[in-house]
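Use these hints to put chain B onto chain A, whose structure you have.
2 protein chains.
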Amino acid sequence: MAKILFVTGNKNKLKEARELLPGHDVEQMDIDLLECQGDALFVVTEKARLAYSMVKRPLFVEDTSVGFHCLNGFPGPYIKALTSSNDISAIPKMLAAFPDKGATGTAMIGYADKTGVKVFKGEIQGTIVAPRGKNGFAWDSIFQPEGMKKTFAEMGIEEKNAISHRMKAFEAFRRFLG
Amino acid sequence: MAKILFVTGNKNKLKEARELLPGHDVEQMDIDLLECQGDALFVVTEKARLAYSMVKRPLFVEDTSVGFHCLNGFPGPYIKALTSSNDISAIPKMLAAFPDKGATGTAMIGYADKTGVKVFKGEIQGTIVAPRGKNGFAWDSIFQPEGMKKTFAEMGIEEKNAISHRMKAFEAFRRFLG
Numbered sequence: 023m024a025k026i027l028f029v030t031g032n033k034n035k036l037k038e039a040r041e042l043l044p045g046h047d048v049e050q051m052d053i054d055l056l057e058c059q060g061d062a063l064f065v066v067t068e069k070a071r072l073a074y075s076m077v078k079r080p081l082f083v084e085d086t087s088v089g090f091h092c093l094n095g096f097p098g099p100y101i102k103a104l105t106s107s108n109d110i111s112a113i114p115k116m117l118a119a120f121p122d123k124g125a126t127g128t129a130m131i132g133y134a135d136k137t138g139v140k141v142f143k144g145e146i147q148g149t150i151v152a153p154r155g156k157n158g159f160a161w162d163s164i165f166q167p168e169g170m171k172k173t174f175a176e177m178g179i180e181e182k183n184a185i186s187h188r189m190k191a192f193e194a195f196r197r198f199l200g
Numbered sequence: 023m024a025k026i027l028f029v030t031g032n033k034n035k036l037k038e039a040r041e042l043l044p045g046h047d048v049e050q051m052d053i054d055l056l057e058c059q060g061d062a063l064f065v066v067t068e069k070a071r072l073a074y075s076m077v078k079r080p081l082f083v084e085d086t087s088v089g090f091h092c093l094n095g096f097p098g099p100y101i102k103a104l105t106s107s108n109d110i111s112a113i114p115k116m117l118a119a120f121p122d123k124g125a126t127g128t129a130m131i132g133y134a135d136k137t138g139v140k141v142f143k144g145e146i147q148g149t150i151v152a153p154r155g156k157n158g159f160a161w162d163s164i165f166q167p168e169g170m171k172k173t174f175a176e177m178g179i180e181e182k183n184a185i186s187h188r189m190k191a192f193e194a195f196r197r198f199l200g
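In order, the protein sequence lines correspond to chains A and B. Position one of the first sequence corresponds to residue 23 (our numbering), numbered consecutively onward. Position one of the second sequence corresponds to residue 23 (our numbering), numbered consecutively onward.
Just chain A, with the same shape it has in the complex:
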């Protein structure tokens, strides 16, 4: 199996990546990377570039963002700062006064090698709801994908991986890897 290096400290993302890249031996490297402020594309591109400058081997990083439609895409890449410092129920509460509960979840994979960085993107539309379900991680319990009756956290990993933003990004990445 072809080895591919995933620079991440997130065990949940590693697990999903291994499910989503069958036929590849996903090796983890956990290094402390500075992350930039900016839009999601800029953040993942700089992260991949920086990781490559340190590791000097082909690698990928992944970054997830969530944009609330009523806040014109905020917090985007800063969703981690919000979920890591608050109970997840704070998010539907933040949106309580806005009629539009729509949100876009985006996963971006930044692949870096000596030729530069390529980015693969997957998106999903959904609605922010009160927390339901115990599976998944991060904001899975408050995100109900469009057309579904379950939140990501009410789905099994196969069910989530059949529709998720991360799956779509990995699909594109897998086609590129061949």
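Source of the hints: derived by calculation from the structure; they are not laboratory data. One or more of the hints may lead you astray.
As the list makes no split between identical chains, a pair holds if one copy fits it or if it spans any two.
[To be verified] Below, simulated EDC-like cross-link-like pairs (lysine to aspartate or glutamate); rule was C-alpha separation at most 20 Å, straight line:
{"no.": "1", "residue 1": "K25", "residue 2": "D47"}
{"no.": "2", "residue 1": "K102", "residue 2": "E57"}
{"no.": "3", "residue 1": "K140", "residue 2": "E181"}
{"no.": "4", "residue 1": "K123", "residue 2": "D109"}
On a predicted model such as this, the values are computed, not experimentally measured, just so you know.
This is chain B only, laid out in the frame that chain A set:
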């Protein structure tokens, strides 16, 4: 007058800095700086370090953060991303469902020279209110400092500069500069 270099693209911050550093000739340099994700202290320290590595002259940068108490300090340094993509009235709306409207405004000045980076900090406590007033900039119209009946945007520049987080940071910086 002693020259001192302020790396900023923000004309409002430049204006306030000139008011707050009497006896110093504040020279502006507007360069595009990568900003890091992280807590406010880390963000300003890295910004100053990066600016110095590019400019190689003693300089300072300034960074402002706002932490909503009900969100355990979020958005902190990401307040700019929120205010730049939304009407300011979105912020009190975000907090509508939380009883605690308290917020802490923090200004940090990162001064860099060949010996490294020193950080000078000023804080102010206040309450997030519906927008009032036309002066100031950024979140001035929704921030009512503790013990005051006016928002920052209802004050003149002298009145604001007599109590603000930025004034406190500049006071400390001014004592250091001598």
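Quiz item: Checking K123 and D109: alpha-carbon separation at most 20 Å within a copy, between copies, both or neither?
Solution: Classified as both; 18 Å inside a copy, 17 Å across copies.
Quiz item: Under a CA distance limit of 20 Å, which applies to K25 and D47: within one copy, between copies, both, or neither?
Solution: within (5 Å within a copy, 57 Å between copies)
Quiz item: When no copy is specified for K102 and E57, does a C-alpha distance of 20 Å or less occur within a copy, between copies, both, or neither?
Solution: both (12 Å within a copy, 17 Å between copies)
Quiz item: When no copy is specified for K140 and E181, does a C-alpha distance of 20 Å or less occur within a copy, between copies, both, or neither?
Solution: Result: close neither inside a copy nor across copies, 28 Å intra and 51 Å inter.
When the structure is compared with the earlier hints, a violation turns up for hint 3 alone.
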